[in-house]
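J.: The lines below spell out each chain.
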Amino acid sequence: MFRRSEQDKRPQVQIFVDGVAVAARQGDTVSAALLASGVDARRSTAVSGAPRLPYCMMGVCFDCLVTIDGVGNRQGCLVPVAEGMQVEIQKGKREIGK
Amino acid sequence: MTVAPKREAYDVVVIGAGPAGLAAAATAAEAGLSTLLLDENVGPGGQVFRAISSTPVTERNQLGADYWVGADLVQALHASGAEIIHRATVWSLDRNLEIAVSIGGASAFVKAKRVILATGALERPFPIPGWTLPGVMTAGAAQTMLKSSALVPDGRTVIAGQGPLLWLLAAQILRLGGRIDRILDTTKRGNYFAALPHAFAFLTSPYFAKGLSMMREVKAKVQVVSGVTELAASGDGQLASVSYVAGGKRETIPADLLLLHQGVVPNVNLAMAAGIEHRWDDLQLCWSPVLDASGNSSVAGIAIAGDGAGIGGANAAVVRGRIAARAAVEALAPAAAAKLPAMATLRSDLARAERGRVFLDTLFRPARQFRIPSGDTIVCRCEEVTAKDVLDSVAIGATGPNQLKSYRRTGMGPCQGRLCGLTVTELMAQARGKSPQEIGYYRLRAPVKPITLAELAAVPKSEADIKAVVRG
Chain A
1 MFRRSEQDKR PQVQIFVDGV AVAARQGDTV SAALLASGVD ARRSTAVSGA PRLPYCMMGV
61 CFDCLVTIDG VGNRQGCLVP VAEGMQVEIQ KGKREIGK
Chain B
1 MTVAPKREAY DVVVIGAGPA GLAAAATAAE AGLSTLLLDE NVGPGGQVFR AISSTPVTER
61 NQLGADYWVG ADLVQALHAS GAEIIHRATV WSLDRNLEIA VSIGGASAFV KAKRVILATG
121 ALERPFPIPG WTLPGVMTAG AAQTMLKSSA LVPDGRTVIA GQGPLLWLLA AQILRLGGRI
181 DRILDTTKRG NYFAALPHAF AFLTSPYFAK GLSMMREVKA KVQVVSGVTE LAASGDGQLA
241 SVSYVAGGKR ETIPADLLLL HQGVVPNVNL AMAAGIEHRW DDLQLCWSPV LDASGNSSVA
301 GIAIAGDGAG IGGANAAVVR GRIAARAAVE ALAPAAAAKL PAMATLRSDL ARAERGRVFL
361 DTLFRPARQF RIPSGDTIVC RCEEVTAKDV LDSVAIGATG PNQLKSYRRT GMGPCQGRLC
421 GLTVTELMAQ ARGKSPQEIG YYRLRAPVKP ITLAELAAVP KSEADIKAVV RG
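Residue numbers (the working numbering), protein chains in the order written: chain A, 1 to 98; chain B, 1 to 472.
Some hints here could point you the wrong way.
To be verified - Far from chain A, some chain B residues (derived; all Cβ distances over 12 Å):
no.: 1; residue: Gln223
no.: 2; residue: Cys380
no.: 3; residue: Gly400
no.: 4; residue: Leu456
What the hints assert, rightly or not - Below, in silico cross-link-like pairs of lysine to aspartate or glutamate (EDC-like), each with a Cα-Cα straight-line distance of 20 Å or less:
no.: 5; chain 1: A; residue 1: Lys91; chain 2: B; residue 2: Asp236
no.: 6; chain 1: A; residue 1: Lys93; chain 2: B; residue 2: Glu455
no.: 7; chain 1: A; residue 1: Lys93; chain 2: B; residue 2: Glu384
no.: 8; chain 1: B; residue 1: Lys339; chain 2: B; residue 2: Asp349
no.: 9; chain 1: A; residue 1: Lys9; chain 2: B; residue 2: Glu59
no.: 10; chain 1: B; residue 1: Lys188; chain 2: B; residue 2: Glu230
no.: 11; chain 1: A; residue 1: Lys91; chain 2: B; residue 2: Glu384
Stated by the list, open to error - Simulated restraints on C-beta separations:
no.: 12; chain 1: B; residue 1: Ser234; chain 2: A; residue 2: Gly49; range: 14 to 20 Å
no.: 13; chain 1: A; residue 1: Asp40; chain 2: B; residue 2: Lys221; range: 27 to 33 Å
no.: 14; chain 1: B; residue 1: His86; chain 2: A; residue 2: Gly97; range: 28 to 34 Å
no.: 15; chain 1: A; residue 1: Arg94; chain 2: B; residue 2: Gln369; range: 34 to 40 Å
no.: 16; chain 1: A; residue 1: Arg94; chain 2: B; residue 2: Arg368; range: 33 to 39 Å
no.: 17; chain 1: A; residue 1: Gln14; chain 2: B; residue 2: Asp154; range: 19 to 25 Å
no.: 18; chain 1: B; residue 1: Ala464; chain 2: A; residue 2: Arg94; range: 29 to 35 Å
no.: 19; chain 1: A; residue 1: Gly97; chain 2: B; residue 2: Arg445; range: 26 to 32 Å
no.: 20; chain 1: B; residue 1: Gly155; chain 2: A; residue 2: Gly97; range: 35 to 41 Å
no.: 21; chain 1: B; residue 1: Gly32; chain 2: A; residue 2: Gln14; range: 45 to 51 Å
no.: 22; chain 1: A; residue 1: Gly97; chain 2: B; residue 2: Ala468; range: 25 to 31 Å
Bear in mind the hints are in silico, worked out from the structure with no lab data behind them.
Backbone N, C-alpha and C define an ideal beta-carbon position, used for all residues, glycine too.
Okay, chain A solo, but in the shape it has when bound:
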């Protein structure tokens, strides 16, 4: 869906998406890194289970909700990636304890 422009010279950052290593760039938000990676990052909604991807990328739509380092319902579009970050695609509502 998206690709990186060649002029992007930012250093790489490795994150893990459902346990699989994904190359991101320093300064990417989690949502941008997911959309750039080509992995199937579709979450599913708490109401009907419908698949969703980020819609607004500016913190208002909450369609980027994702589990980051064990904490559910994070807005992936507002959180910058960090080396070794563990991202889980959230299926349905936030689980108790996450």
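Put chain B on the given structure of chain A with help from the hints.
T.: Structure of chain B alone, referenced to chain A:
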């Protein structure tokens, strides 16, 4: 790294680091007021100057000269001595000018003598069939990724809608080597005629030449279909095609990415939750706060600057930020105000920046069918409520958006009505034969962004707080 505010009280707290907030905070701090700027994003710039301090797009002409103006504002802010905290989500503001802000999962409270809200705008909802499908995004979303991560569309890409941002985005995507297969222009034909009386102001504004050259640049490379009157996205769990009607003829084209845009509207959540009076703006088709000429709202001590005060664009936002800050300085440190540009100068700057706005608002006033959906089209993305669901609720007695909550939970999901509120108001107004002003809006309350109960429970409590809720 978590950085809490350094003090418990400030002269001025500015919320939002877009053009208005950057200008307001710099002005207030330069005049010697203790100033705190709180912003939800990773760095300064808001949406229009997003990633201004960190963008990987190094070829400056690709983002355009209007973008790099933001760097000067950031520089002025850093030189001003204002305290700046990013990744800080303000979730409460009340009439006592007490602000609750979530930073790194913990909440802090600060008190202000003056608050300047610069929470800007968000994209107007574009509720077409299939707009919740993965692969359908806002134009602003694509622009955010382009500016902050140099990402460009590379699958089959359709851009649909209208307005200046749409053409700017298309030009930027093309300059960075991205792909656009087709642009579907939904500008209503009749709007050209309606906008004509306002054309002189626009033709003599700086926006005209820029806009025209950008449209030419895009049209030379991309097929543009104008007069689009119907639009729908479809696919099974993922966008597969976009169908549209133009000139009475329906066409369906395969697509991996659909970018929607029909203008921006004030982000009202924090202002409304603070109890600030808003009125329905029938030209811009949104809620705008009731403000005096200095941006002061109906709540004493709270001013609003930038697009949150009514859509005016980045240049106007900067000036409104300076006006609101100057008014704060006049109130709190009158002697220091003498150093700042005179209010009369700022007001004429504002008039210049707003020149041509009525033309744009009239020309790009979105058509009814793209604002007020019908049938199975989703209105509330969070709770997955359709237009038919809303109308069925009206038929059995729901009178307005607040009653509708108990019927359908519209606006009660995490986005708190940001993506459905305007649609619900207009849909119910149409169904009940009332004006949007009469129908009203959701009653918004703190927390205006979801925070966990654990975070709430962890906030410092006084004896009186505990006594208020604990029996015996």
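J.: Against this structure, judge whether each hint is valid.
T.: Going through the hints against the structure:
A cut-off of 12 Å between C-beta atoms confirms that Gln223(B) is not in contact with chain A; the least separation is 20 Å. Remark: the non-interface label on Cys380(B) conflicts with the geometry, its nearest Cβ contact in chain A lying 10 Å away (cut-off 12 Å). Look at Gly400(B): its CB is around 23 Å from the nearest CB on chain A, clear of 12 Å, so calling it non-interface holds up. In this structure Leu456(B) is separated from chain A by more than 12 Å, as the shortest Cβ-Cβ distance comes to about 15 Å.
For the suggested pair Lys91(A) and Asp236(B), the alpha carbons sit about 17 Å apart, so the restraint of at most 20 Å is met. With a C-alpha separation of about 19 Å, the suggested pairing of Lys93(A) with Glu455(B) holds against the 20 Å cut-off. A hinted pair counts as satisfied when its Cα atoms are at most 20 Å apart, and Lys93(A) with Glu384(B) qualifies at roughly 14 Å. A C-alpha spacing of about 17 Å is found between Lys339(B) and Asp349(B), which places the hinted pair at or below 20 Å, so the restraint holds.
Restraint check for Lys9(A) and Glu59(B): the C-alpha separation of about 12 Å stays at or below 20 Å, so the hint holds. Simply put, Lys188(B) and Glu230(B) have alpha-carbon atoms about 11 Å apart, close enough for the 20 Å limit, and the pair holds. A threshold of 20 Å between alpha carbons decides the hint, and for Lys91(A) with Glu384(B) the separation of about 16 Å falls inside it, so the pair holds. A C-beta distance of roughly 19 Å is found between Ser234(B) and Gly49(A), which places it inside the suggested range of 14 to 20 Å.
Judged by the Cβ atoms, the range 27 to 33 Å given for Asp40(A) and Lys221(B) holds: they are separated by roughly 31 Å. A C-beta distance of roughly 29 Å is found between His86(B) and Gly97(A), which places it inside the suggested range of 28 to 34 Å. At roughly 36 Å, the beta-carbon separation of Arg94(A) and Gln369(B) lies within the given 34 to 40 Å, and the hint holds. Our hint of 33 to 39 Å for Arg94(A) and Arg368(B) holds, since their Cβ atoms are close to 38 Å apart.
Distance hint check for Gln14(A) and Asp154(B): the Cβ-Cβ separation is about 23 Å, which falls inside the suggested range of 19 to 25 Å. Here the CB-CB span from Ala464(B) to Arg94(A) is close to 33 Å, well matched to the stated 29 to 35 Å. In this structure the hint that Gly97(A) and Arg445(B) lie 26 to 32 Å apart at CB holds, the actual value being about 28 Å. Against the hinted window of 35 to 41 Å, the Cβ-Cβ separation of Gly155(B) and Gly97(A) comes to about 38 Å, which satisfies the hint.
In this structure, Gly32(B) and Gln14(A) meet the distance hint of 45 to 51 Å, their C-beta atoms being roughly 46 Å apart. Distance hint for Gly97(A) and Ala468(B): a CB-CB separation of about 30 Å, consistent with the stated range 25 to 31 Å.
Consistency with the previously given hints fails for number 2 only.
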